[in-house]
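Protein sequences, first through last, are from chains C and D.
First residue of the first sequence: 158, per our numbering; consecutive thereafter.
First residue of the second sequence: 343, per our numbering; consecutive thereafter.
Calculated directly from the structure, the hints in this document are not laboratory data.
Where hints are given, some of them may not hold.
These stretches of chain D come out as covered by chain C in the derived footprint (C-beta under 8 Å, 3 or more residues) [what the hints assert, rightly or not]:
(1) 468-477
(2) 597-606
(3) 646-652
For lysine-lysine, the following DSSO-like pairs were computed, each having C-alpha atoms within a straight-line distance of at most 27 Å [claimed, not checked]:
(4) D:376 x C:228
(5) C:444 x C:254
(6) D:635 x C:228
(7) D:424 x D:390
(8) C:235 x D:496
(9) D:390 x D:635
(10) C:228 x D:496
(11) C:429 x C:406
(12) D:539 x D:496
(13) D:376 x C:318
(14) D:569 x D:528
(15) C:496 x C:481
The beta-carbon is built from N, C-alpha and C at its ideal position, and this holds for glycine as well.
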Amino acid sequence: MRSWLAASHRLAACLAIVCAISFFTIAARGADSAAPASAAEIAAANLTRILAGAPPGGIDDLRAMQDRVRKLTDQLMKCTVGVQVGAAQGSGVIISKDGYVLTAAHVAGQPNREVIFILSDGRMLRGKTLGLNRTMDSGLMKIDGVTDLPFAEMGLSDVLKEGQWCLATGHPGGYQSDRAPVLRLGRVLLSDKAAITTDCTLVGGDSGGPLFDMDGKVIGINSRIAGPLTANMHVPVNTFKDTWDRLTKNEAWGHFPGHEPYIGVRGEQGAKDAKIASVVPDSPAAKAGLEAGDIVLKIDGHELTDFASLSEAVRERQPGDRIKLVVKRGEETMELRVKLGKRG
Amino acid sequence: MNLRPICRRTLALAVGLLLVGPGLLHATDRLHPKVLAAFREVVAPASKSTTQIYCDGYRAALGAVVDAKGYIVTKSSELKGKVECQFYDGQRREAAIVGRDQGLDLAVLKVDAQDLAVVPWTDTESLPVGSWLATPTISRDPIAIGVVSVGPRKIPAPSGALGIQLDSVDQPARIQEVMDDSAAEKAGLQAGDVILKVNGKTIEGRQQLVETIRGYMPGQKVELLVKRDADELTIHATLGSFSQLVHGDREQFQNTLGGALSERRAGFASVLQHDSVLKPSECGGPIVDLEGKVVGINIARAGRVETFALPASLVREAVKKLVETHLTSASAEKQ
Numbered sequence: 158m159r160s161w162l163a164a165s166h167r168l169a170a171c172l173a174i175v176c177a178i179s180f181f182t183i184a185a186r187g188a189d190s191a192a193p194a195s196a197a198e199i200a201a202a203n204l205t206r207i208l209a210g211a212p213p214g215g216i217d218d219l220r221a222m223q224d225r226v227r228k229l230t231d232q233l234m235k236c237t238v239g240v241q242v243g244a245a246q247g248s249g250v251i252i253s254k255d256g257y258v259l260t261a262a263h264v265a266g267q268p269n270r271e272v273i274f275i276l277s278d279g280r281m282l283r284g285k286t287l288g289l290n291r292t293m294d295s296g297l298m299k300i301d302g303v304t305d306l307p308f309a310e311m312g313l314s315d316v317l318k319e320g321q322w323c324l325a326t327g328h329p330g331g332y333q334s335d336r337a338p339v340l341r342l343g344r345v346l347l348s349d350k351a352a353i354t355t356d357c358t359l360v361g362g363d364s365g366g367p368l369f370d371m372d373g374k375v376i377g378i379n380s381r382i383a384g385p386l387t388a389n390m391h392v393p394v395n396t397f398k399d400t401w402d403r404l405t406k407n408e409a410w411g412h413f414p415g416h417e418p419y420i421g422v423r424g425e426q427g428a429k430d431a432k433i434a435s436v437v438p439d440s441p442a443a444k445a446g447l448e449a450g451d452i453v454l455k456i457d458g459h460e461l462t463d464f465a466s467l468s469e470a471v472r473e474r475q476p477g478d479r480i481k482l483v484v485k486r487g488e489e490t491m492e493l494r495v496k497l498g499k500r501g
Numbered sequence: 343m344n345l346r347p348i349c350r351r352t353l354a355l356a357v358g359l360l361l362v363g364p365g366l367l368h369a370t371d372r373l374h375p376k377v378l379a380a381f382r383e384v385v386a387p388a389s390k391s392t393t394q395i396y397c398d399g400y401r402a403a404l405g406a407v408v409d410a411k412g413y414i415v416t417k418s419s420e421l422k423g424k425v426e427c428q429f430y431d432g433q434r435r436e437a438a439i440v441g442r443d444q445g446l447d448l449a450v451l452k453v454d455a456q457d458l459a460v461v462p463w464t465d466t467e468s469l470p471v472g473s474w475l476a477t478p479t480i481s482r483d484p485i486a487i488g489v490v491s492v493g494p495r496k497i498p499a500p501s502g503a504l505g506i507q508l509d510s511v512d513q514p515a516r517i518q519e520v521m522d523d524s525a526a527e528k529a530g531l532q533a534g535d536v537i538l539k540v541n542g543k544t545i546e547g548r549q550q551l552v553e554t555i556r557g558y559m560p561g562q563k564v565e566l567l568v569k570r571d572a573d574e575l576t577i578h579a580t581l582g583s584f585s586q587l588v589h590g591d592r593e594q595f596q597n598t599l600g601g602a603l604s605e606r607r608a609g610f611a612s613v614l615q616h617d618s619v620l621k622p623s624e625c626g627g628p629i630v631d632l633e634g635k636v637v638g639i640n641i642a643r644a645g646r647v648e649t650f651a652l653p654a655s656l657v658r659e660a661v662k663k664l665v666e667t668h669l670t671s672a673s674a675e676k677q
């Protein structure tokens with residue numbers, strides 16, 4: 158409710174009218190509770206059913222859907238932004254009047270990077286990347302020094318039903334000054350905690366842009382595609398809410414799919430320390446000279462208690478990172494440097 | 343299945359390939375037969391004025407009847423060989439190409455007929471973003487549906503690029519270096535080659551070659567006559583674009599994920615962008631709004647997320663000129 162009131166005077170006026178109508182309806186029904194539902198009520202209930210996935214019956218149903226989409230479009234465009242981070246161009250969506258922007262982790266790249274935001278009216282604003290979760294591909298950004306931006310509310314991604322209609326916007330191919338954000342209509346095909354799949358077609362540049370439900374609330378963030386036109390994946394919006402504190406504290410965690418760090422050792426079962434049972438041939442560990450029987454004492458100066466703490470320390474790093482291990486081999490203690498690879 | 347991050351340009355390294363287990367199930371996508379069936383009433387009038395166009399027996403395009411006396415408009419660049427039009431009633435007639443508008447990539451065909459139903463053109467100039475659009479064929483249900491994604495705008499013609507560095511001396515046009523992954527490299531051009539002709543046109547030197555290639559669009563095929571040492575060879579190259587040379591094939595690759603694109607897909611005075619999924623061979627026909635009125639002609643499948651339609655007013659103007667020119671020349675012939 159707060160978001161609509163903040164959005165614009167015109168919307169506030171619309172809202173007032175909607176409130177007035179519902180008040181009237183309630184009052185009327187209160188007077189005669191046995192009265193049959195009005196034509197408008199039946200139509201509204203029917204539209205809700207269709208937007209949730211029931212097949213439209215014909216032109217009247219299609220017209221009702223179209224009215225809803227047209228009504229939302231203006232507001233959706235206003236809160237969709239183009240973002241430039243270094244050489245990367247992507248999209249984002251403003252979700253608060255003070256300029257928090259949801260995007261994809263692979264657009265943000267890292268915390269604390271300079272970002273240029275381009276609003277749908279052409280305004281260019283500066284800001285920074287905040288936290289990001291590479292595993293989910295969620296990223297947060299903040300526009301500097303703003304207090305009154307148009308924005309979209311975050312909806313719920315854990316109640317999505319297969320077949321419900323949705324809308325995606327973004328800047329495919331990157332921001333173009335002669336083109337507003339590009340609207341696409343589709344349906345939710347699959348939805349779970351890891352991703353929402355829709356047939357709102359996406360392409361390079363759409364990353365970070367919003368997926369909306371038919372009430373104009375953000376339910377996902379455009380993330381990735383595969384071959385079929387039905388393979389458009391979005392980050393479920395709930396992950397942003399669940400990790401909001403970490404994101405606002407500029408934390409970066411997780412790994413992009415296919416970029417899990419890899420060292421190539423197995424631990425000795427039941428050992429009370431980080432003892433290596435075997436080293437995978439040609440793995441980063443093997444190249445660094447690690448051998449079966451070695452006990453890893455430290456990684457980059459941090460003491461290890463057991464093999465699990467070694468695994469955890471590796472998982473916190475990225476493929477390509479160079480780590481320093483202190484290793485005990487027999488009576489000898491040595492330092493080995495390992496360049497982490499990637500799994501698979 | 344390969345999943346690809348859809349940020350533009352960079353971070354090609356950031357996310358690689360990911361294998362997902364089960365195939366994607368989608369019993370309820372937006373092209374579900376029940377959704378298409380809801381548009382039956384919407385496309386009914388326009389489908390009677392839509393034609394399936396065959397070239398040498400293959401489905402090449404759709405077309406729209408624009409004059410009861412047998413004039414049909416379609417996408418020019420898809421036409422080749424023997425052209426036939428099939429109508430809603432199943433009748434198939436031979437057609438002659440009587441005029442072309444290269445700028446809009448439209449062609450007007452003429453079939454021997456007197457009383458064809460003309461497409462119901464719209465009167466409204468602009469359709470709001472988010473409005474439904476349906477693409478009729480000569481059958482009951484539309485072949486595709488979508489919404490207006492972007493209002494009318496110009497799509498400039500990008501110039502083609504071979505991806506070669508030329509000798510600094512003007513004559514002859516000798517290749518100094520072939521750029522990696524360029525159109526030239528794919529076609530097999532080599533450093534030292536001298537380009538003598540482009541599509542039969544003699545090339546005097548460096549400057550003329552540059553200007554000639556710029557006159558073509560990315561995606562167009564050119565035939566090059568090349569002198570290599572003592573030999574003269576004919577080499578066919580499909581031109582690339584400057585952005586492809588700078589950013590590599592990634593953008594192009596993503597855009598073709600999910601289907602082929604029209605060869606001619608840029609250089610239009612005005613288009614309405616929508617998200618209907620069409621094959622290149624399904625362009626050229628009418629597209630209707632929810633009132634069943636024809637708001638434009640689908641002119642190109644332009645990317646994974648974009649299909650372009652020429653607005654009705656632009657098409658009608660061009661068609662009028664082409665039909666008038668044809669009638670004038672036809673009556674001149676008679677005299």
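Worksheet entry | Hints that the structure is at odds with (numbers, increasing) | 5, 11 and 12
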